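As they're listed, the protein sequences go chains P, Y and V. Numbering of the first sequence is given in the numbering used here, commencing with residue 201 and proceeding in unit increments. Numbering of the second sequence is given in the numbering used here, commencing with residue 9 and proceeding in unit increments. Numbering of the third sequence is given in the numbering used here, commencing with residue 8 and proceeding in unit increments.
Treat the hints as calculated values from the structure; they're not laboratory data. The structure displayed is predicted, hence computed values, not measured ones. One or more of the hints may lead you astray.
What the hints assert, rightly or not - Covered stretches of chain Y (chain V as the covering partner; in silico rule of three or more C-beta atoms under 8 Å from a C-beta of chain V):
{"#": "1", "stretch": "14–22"}
{"#": "2", "stretch": "257–266"}
{"#": "3", "stretch": "275–285"}
All C-beta atoms, glycine included, are put in the ideal place defined by N, C-alpha and C.
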Amino acid sequence: MVWVTNIIMAVAPAFAAYYLTAVGHGVFEKSGVLNLAIDGVFTLGVAIAYTVALLAGTAYAGSVVALIIAAAFGAFIAYMVTKLPISHGAIGLSLMFVGYGLSALVAMPIRSTTGKVVSYPLSWVFDIGLLIFAIVLGVIMHYILVNTKLGAAIRAAGENPHAASALGVDVLKTRIIAGLLGYALIGLGASFFFLAYSPAPYSEGMGMGNGWISFAISLAAGRHPLLTIASAAVFAGLLSNKFVLQGILGLSIHITNMIPYAAALAAMVIFMVTPLKRKLAPPRSLGKIYFKEERTV
Amino acid sequence: MRLVVTRRIKPLKFGGIIIPFLSIILGVFLATIALYALARVPPGLVYSSIGVSLVSPQMLQTFVMLVILGVALIIPFNAAIWNIGAEGQIIWGMIASAFIGLCIAVHYIYVSPSAAAQYSGVPGAFILPTPTATGKEVVAKLSMSPQAGVALMLILASLAGAMWALIASLMRAFLDIDEVATTLIMNYIAYYLYNYVVYGPLQGVTISTSGFGLSNPLHPALQFSRISVSTTATWEGVGIMIGVFIMAWFILRHTTFGLRLRILGSNPNALKAAGISVRKYIVAVLTISGAIAGLVGTIFFAGNMYQLMKIKTITTPPTHNIGYTAILVSWLSMLDLRGVPFAAYIVASLFQAGINLQASLGSISGGAMISSGALTYVLIGFVLTTFTILRVFSEYRIRIVRGRG
Amino acid sequence: MSAPEAASKPTPFSKEGQPPAKGEVTILVRNLVKRFPGVVALDHVKFDLRKGEVHALLGENGAGKTTFVKILYGVYVPDEGEIYVDGKRVTFTSPLDAIRHGISLVSQIPQIIGSLTIAENIILGLEKYGMMVKIRKVENFIREQSERIGIKIDPNTEVWKLSYTQKQLVELLRAVLLGAHVIMLDEAVTFLPIREKRKFYRFMRDFAKQGGSVILITHKIPEAMEAADRITVLRRGKYVGTVNAKEATLDLIRKMMFGARSSEITYKRLPSSKPDDKVVLEVKDLWVMGDYGAFAVKGVKLQVRAGEVLGIAGVAGNGQLELIQAIVGLRKVRKGKILIRTNGDLKDMTNKGVGHIRKLGVGYIPDEPLKYGVSVENNIEENLAMLPLIAKTVINWRKMRALAKKIIEEYKVVTPSSKTPVKLLSGGNIMKVLVSRELTVAKKMLVAYNPTRALDEVTAINVRKIIKDKVIKDRIAVIMASEDLDEIFQVSDTIAVMNSGRIVGVFPAEKADRDKIEKLMVM
Ligand SMILES: Nc1ncnc2c1ncn2[C@@H]1O[C@H](COP(=O)(O)OP(=O)(O)OP(=O)(O)O)[C@@H](O)[C@H]1O
Ligand SMILES: [Mg+2]
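Just chain P, same shape as in the assembly (with noise of 0.2 Å):
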């Protein structure tokens, strides 16, 4: 028993992470919006995060208000991009400098004053809640995509905006929707990232580069948030085990870090060869400007 909660205990934290960021940006993007901004919000969400639980005194609360910062940035995304013809990729990335550069401000004063820091409790309780608490999430985002008309408007606008709107899909509510929704699971994880995966003294850029994992996690899974648990416990798994591998395998530590991000190319290949393909495509528009008066042809 004891080694089930030790696998628990090493892999929870950093799979609750992965997978809410990874569902959140699959969200998003299923509803047609190229999400370039997801490593700089993380960044952000993490500062936050990583503040808020040392100023309240408690992790509740650097989870809450990331998630609510994080929303506002999917909120905004979405608005812009479907008000304006906008390329997706230049506010993306744009904003993803903008949370860069505020995960720095925002820390900074307090990161001067004091090398304390406030994170969840270290017990395979609390990891088994976080562990159930987001498979759950996942599988809620699963059936409003799947079984809902808020999830057949978010596909509807990402396979094409135009034919959404001209069915009765108000595109920029439904994108906001998505933005809230997406994005508040992407600042969850960036929360769990730090308060309960790696609670280390925070130093400037802390979980930068995570979100770009996330990405692959969720692109590995085809944005499919029930198979995302699948490539984001073998990333997880892999990634927290990797001394455990070096042990095993007898390789170099540098081949062994490789070994998560190959295994998440090998899982998008296996995916795309069996049927599940036509149900993994990205959607149609992704990333497409648009603009509602353009002559679709």
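Got chain P sorted already, so can you dock chains Y and V with the ligands onto it with the hints?
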């Protein structure tokens, strides 16, 4: 009351000048507020560092690399193939140049300290600054002409970048696997490969390099020549930039290949019906993009780094993430080649502004708490977000519609 | 011609709380203006739609018909003008606004989403269902409703699996389920096979009888005269007039639509090109698979000679599309042979690939020209240069410009310049660009599928003349499938009838009997 966006009958007069200008003012203003509110950075300092950096020769090197990479990315982007993997392709370029520069074009010989003296002044020989673990000196000796060495470095770097992109392109062309994800993931693999190489095959031989994740230093004869006004830019880099730009302009504007890759971006079906293999084009555009990005690896290695140094954390690669920044450059140029230098100029000056700002902050408070990177990010982020949003108003306008639906 | 006068007094149409009776005006439009870069698509247009009428909206390509209905559907917002629905001034900024007022639009290209099920597509516009409603729960409602109006569907089918006709039926069903009392059909029946087209028209009449109103856009004037109560004509964005369909004559409508150019309209057989004996294309026992895993072409055998136009008549969906695609190499041949004359001999080109076949000097006018024919984001010069037969590795842009200019002049393409993106041209002009480009490369043969569908009469006849001239002048071979019998009779030297994947009859055009051919088509 509702907002409706319609296309202007004629583009806004002078929009091309007014809008960037307004964006910079508004964006800098927003950045200043954020900097002051969150970190008490004096606004005056922000304005002066930006003013200085717009005309600073220091940003030349960033500009050169951003132009080359902007061109490298614009080629596949026009074909709607999204290469997010310039980072990895640059890293492969670095490794390949290091392999040529450190193993093929030069050999390193152990000599006793007395023998080392013999080599001083011998053409093509260079005594490494620090001795080996065994107390012996190391002399780097050219095994070919430096011109040939440099040429080989560039060729192999380009091939290596192309090869790395080729993998993703084949997966896209034959298995239909999203290249955004594969090229991104492969960046991380490349970073770790780089670490593997500096601890393995390319590990240096002197006491200060061996076991520390450092390679030998590059022989001075193979190093690019600095442009004197700039502390970082090199003549070779500028030459490559001009060459790449002209080549890309010719391909995109004057060849059927360039035309068809643009059509691939908007209507691949039309290409198929015309009898053109879409797969070949997907593979070609991505490999060309990787080949150009690979060259930047050489510019980094032979122009600035001279030595491979391990990556401590995955977020601080030797590329300074310029492969990602370049994505922004190509999108800012609206995938139009002519816009690349302009976009690169803005981004490079903002980069420089961050560095300048940090330096002046440091001189006031004696050691700033915020890195120049973070300051740069704030500036780039706010200015370019504003620009991205405002630019649509040169072609579109917002109307307020009253009345009920 | 009395309607516009009556309609010029805008209020009040209906007393509060009472549904307007039959004959009352339901939509009134005044002074509608919409400008796009380089063109005034609608120039102070007026229009009125009554309860219980079918109102046809006619006009040549680019007249502004689509723009007009898209404004009524909230897709475009007009620059100026007023719209009243049941007496109330409205401003639509999205289709949802129009749907709320009971207005629906069915377009030529189905605006439904392929990866969604029928139920999902329909539910998106049903506001009585909240965001979180479970789609399964609505499926039954949709099934019942569709059976009630006589459409048999499984709401859980994904739309990409449907045929074109089925998709249009779903669009219609959707309009009905949304409770529309105004349905606008923008060339929605143009591509339908005859039998389905009739059903559509019957449905329309019933719908109008029950108090609904229909705006019908089509290029088939006789169909409009038969189906509509009134006809409004637009020309270059301007309102020309409204007439009662019963009082109108074909000639009058054509004059209103085309002005002096209406005299160009003729359905007489174009002069024959006198084919010689040299066979250019020979198809032997051809078997080709359709999209759904069954053979669509079953043992077709045919020959086309130099200077000959072979017209393949048939109802849509009888294997013509697959046959045409196989001949140009876009679809795999399972059995049989395709031979094309090269350097004096018939050479086997079966499964050699499009690139190879096109290089022999084969022009191709595809079905869905906007998808497979041109690249709409690019300009005319670029659309010419994209073909390997027109431009080599390095493009000589000066030559391309000259060629583009020649085409624009010769074929009267209306465009601001040869550098205008093709997507900004009207449908007819895009088609002219495509046809002229393909004729330029058709040194040996032209393969075409419905080359004039969605074109107005004058343009269509001009395109046919252009093709025929080329056959006479350069003695190329033409194989052309068309669902339009007028077209088949006008250009063909030989007529082959295709039914259920087989050629069921071949006739020399001058001896062909129209009744007999129609019978063979639906047999
Ligand atoms: N979204 C748009 N952007 C720019 N120009 C447009 C747009 N839609 C239509 N136009 C232009 O407006 C004019 C009217 O086009 P419209 O599509 O309404 O014509 P139409 O009567 O439907 O013609 P057709 O019979 O060919 O379908 C054309 O010149 C067309 O090029
Ligand atoms: Mg139209």
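Evaluation of the provided hints:
no. : hint    : verdict
1   : 14–22   : holds (count 5)
2   : 257–266 : holds (count 4)
3   : 275–285 : holds (count 10)
Violated hints: none; the structure is consistent with every hint.
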